[in-house]
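Asks: Knowing the structure of chain A, use the given hints to seat chains B and C on it.
Here is what each chain is made of, one letter per residue.
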Amino acid sequence: MTQPVPSLADLQVTSEPPESRRGSGAVARAAATVVVALAASLFLLFMLAPVIGLVSAGGARGMGALTRDAELRAALTLTAATATIATLLGVVGGTPVAYLLARRAFRGRALVATLLDLPLVIPHPVAGIALLLVLGRASPLGGALYAAGLRVAGSPTGIVCAMLFVSAPLYVSAAREAFVRVDARYEFVARTLGDSSWRAFRRITLPLSARGLTAAAVVMWARAVSEFGAIVVLTYNPKVASVLSYDRFTSVGLSDALPVAAVLVVFALVPLLALRGLRAAREERESV
Amino acid sequence: MISIDRLTARAGRFTLDDVSFDVPQGAYGVVIGPAGAGKTTLLETIAGAIPASRGRIHLGGEDVTAIPPEQRRLGIVYQHAYLFPHLTVFENVGYGASTPVVAREMAERFGVDGLGDRSVKALSGGERQLVALARALARRPEVLLLDEPFSALDPRNRATARRILRAIYYERRFTVLQVTHDFAEAGLLGDVAIMLDRGRVLQAGNPEQIFRKPASPYVADFLGAENVFAGVARPIKSEGMDWSDGDGDAFVEHAVAFTTGSLTFYALGDAEPGPAHAVIRAEEVALSMDAATSSMRNQFQGRVIELAPAGAITRVTVDVSGTPLVAAVTSRSARELGLAPGVNVVAAFKATAVHLC
Amino acid sequence: MTRFLRRGVPRLSALSFGVVVLATACRGDASRSRATAADTLVVYVAASLARPLQPVLDSFAARTGAVVQRESGASLEHARKITELGRVPDVLLLADHEVFPRLLMPQHATWYAQFARNRMVVAYTPRSTHAGEITAANWTDILQRGDVEVGRTDPNLAPAGYRTLLMLQLAERHAHRPGLAAALLANAPARNMRANAADLAALLAAGELDYIYEYQSVAEANGFPFVPLPADVDLGDPAHAADYGAARVEVRASPERSVEYVGEPILYGLSIPSNAPHPATARRFLAMMFSTDALRALRSAHVDMLGTPVVVGTGAPPEVNDAARSVPR
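These protein sequences, in sequence, are chains A, B and C. With this note's numbering, letter number 243 in the first sequence gets 247, and the count goes up by one each step, no holes. With this note's numbering, letter number 227 in the second sequence gets 211, and the count goes up by one each step, no holes. With this note's numbering, letter number 281 in the third sequence gets 1693, and the count goes up by one each step, no holes.
For reference, chain A alone in the conformation it holds in the complex (with noise of 0.2 angstroms):
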């Protein structure tokens, strides 16, 4: 059974089409960039302005008030170490949950990714509610840990699970992403060549998906620091950054509340420089 030799006339090219159609299809083509094009500047001068706007207010003036206000030096690092802990507890917390998403199709899970979620689109105020009822002295959990000796309302753990609860799921629908790009099969080969899960997961699994973890980590960071309406529920006192400036705000004026504002940008900035300074320098040394 062999195959009929093409003929010359299968072969035949389709014709260009005429001048006039090549024309107008490159009009409409300059119009659509045009119109992205715009769209685009004003999307970046949206989004960079506010924050440009803030920084030459009162930055100049936040960076000298630091040396002279110690409630802000306070509340910077508040926030920068409460923050981190929050990021800590959902990278040890969220990494396992991310990694079964991804990897096991169990039923129910698109249920329990929904879930996950949800901590995203509940207004903050009431996330900080949803949090009082369930770890406050009033509740079980949160009579229990009283009794214990350790405060969840009006403390730095009150702040940390606030964070945590609001900005963890970013982390585990980015982390879930990272590991999804990382195909199962590396895994799988490490597997038959002696590893066991774990060990596959460590040596392989994680190397290879490091980059997209970092950046979910820093992504959920930086959510943590931003953080005002839950925190403001369960600890007003100590204050957080974003807390104390509306504090300034409110008490003082504007001219109280920019340099901080200024100053926590600018503060925010470092570590996410550095982190996508980190992932620049991983780029070159791994690719997936």
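I should point out that these hints are in silico values taken from the structure, not numbers from a laboratory. There may be inaccurate statements among the hints.
Coverage of chain A stretches by chain B, computed from C-beta distances (three or more under 8 angstroms per stretch; other residues unrestricted) [stated by the list, open to error]:
id	stretch
1	182 to 191
2	194 to 203
3	206 to 216
What follows is a list of derived Cβ distance ranges for each label pair [as the list claims (entries may be wrong)]:
id	chain 1	residue 1	chain 2	residue 2	range
4	A	L104	C	P1601	39 to 49 angstroms
5	B	R(-3)	A	W202	26 to 36 angstroms
6	A	P144	B	A19	55 to 65 angstroms
A virtual CB, placed ideally from N, CA and C, is assigned to each residue, including glycine.
Replies: Only chains B and C this time, still in chain A's reference frame:
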């Protein structure tokens, strides 16, 4: 050895349904079948990536169905090398090896020890597969699973990789199960061929046997048998025993007259009267310019319709009583006989060359 | 054509970016809220008054068809929105009438009307520790105990906060126990502080706190049992204004600024700011606010409304002046 017993599994769209076959210790098994047949699924279920919902897997005599992959003492090489991108060549090869020395030896065998500390990203396709093979074999597995490992390589690299693998295979005599879509390769390599389609085993056995005696016209068609005829089989009881051409199959129950279209020829074997298919390999059909007195029961006048030269072999399609019959002859013979469309020839084949299914 | 596109598009993007930047840079002076609909009423209300006021706002909306936009929060926060952000409401109701002369007059408002009183109390819930024992006689002891959680409002942000401090000083005077105020304050630490009276009440309701220093109106509105305080302590009786004046407190808002507060009777004040976006609607609302029905509604919501409002300053609209001159109800 590999012994699969009624294996059933499912991975997404791909299923295995009641698959059973054996590959003896040290034998080279080949899995063939069309795309989507479940060949990769079969390998991955044997390796433990996919859980078996029913059935058992025995490797080296041990029931490994419930044992995790890292303890099954096997190696797997895919068409894509899946080299760990963040490790060097040497780290890849040595990943599962017991000692660095073993890894180095294996790297040398495959000629990749020179690449040693390089990142795997700089390697060519051929080098990657060699490293992947070295990596799997450095662990000294008892069973090696190969999923079309050479099909993405150019002919030269393919030959090299095959050669080295065969050499190591002959030395170590582990059991191999290789998936291939190239049946010629299967015929060359394999001791056992398993034909898979839609998750089921269509036929399993010696490749030569499958080729000569496909279990169904579908199998025959897939294997590229060129003469597959649908028709009616009619056992001829009257001719009884001793009716043989000296092929060794001296004692058969009865001869069979097979009619397709207006062509009737004879076959040997057990066949129920009624509709059946007859398969004749093109290599079994001989052409001559005139009818010779010979032992062949089947000789027919015909006219050449078409010639398809392919290197040393030319496939000649002959119209015999309205039925096209393909004969594979050497191109040289075709020239010497002056075969061309329209030429009258005699096509002949033995009754034993006809396989009924 | 394609060549132009390849080079022109980046240039075009830069140009459009520049145009947009220029356009926004040339925007004029600070934006003012413009009337979008004929009948809109923007109300800034102190947190402690928000709940009792809501039915009055609702019935105003129902009767006139106006759209009411209510913002609730700390009195000082409202003041900042006007003075710093240029967001001016139609009606402003604050828990401390002093905010008007101190921050808002004469630039943002020329008059205000005192319209309600309030008192400081110690509120609690049946769940609170020692709830069964507490009385007007022993509250100062119970609120010093280590096993109770006592909360108060932030003096920087809310009048209730600095009023608590003043009240504690007066309690110390009343009880002739030097150091009492400091001791009580020490047991109401920063971690139990909240930004405004409503947040504090929420925390008590949630069981997170045992006792709070709170306005009586808020306590009653939430159904909290409370310990009433002596008239010369609770900042509630104008007749005791002189006693209240003995208390002074300095609140440090930031390292550079501090404010001094002097004790005086708690009076709520309201006004229509000078640049209110819908002044006519605002006046109509105030007419309704001082009507007998509204008075009754607010009193039943535990707001201690004055019989007649007391107007301070000049330029108040007739709706307010008429109410001020009317017979006390």
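Asks: Each hint: holds or not?
Replies: Status of the hints after comparison with the structure:
1. Chain B is given as covering the stretch 182 to 191 of chain A, and this holds because 3 residues of the stretch bring a CB closer than 8 angstroms to a CB of that chain, at least three being needed.
2. Counting residues of the stretch 194 to 203 of chain A whose C-beta lies closer than 8 angstroms to any C-beta of chain B gives 8; at least three are required, and the coverage claim holds.
3. Residues of the stretch 206 to 216 of chain A lying with their CB closer than 8 angstroms to a CB of chain B number 3, which satisfies the three-residue condition for coverage.
4. Checked against the hint of 39 to 49 angstroms, the C-beta distance between L104(A) and P1601(C) comes to roughly 42 angstroms, which is consistent with it.
5. Restraint check, R(-3)(B) to W202(A): a C-beta distance of roughly 30 angstroms satisfies the suggested window 26 to 36 angstroms.
6. Taking the beta carbon of each, P144(A) and A19(B) are about 58 angstroms apart, inside 55 to 65 angstroms as hinted.
The structure shown violates none of the earlier numbered hints.
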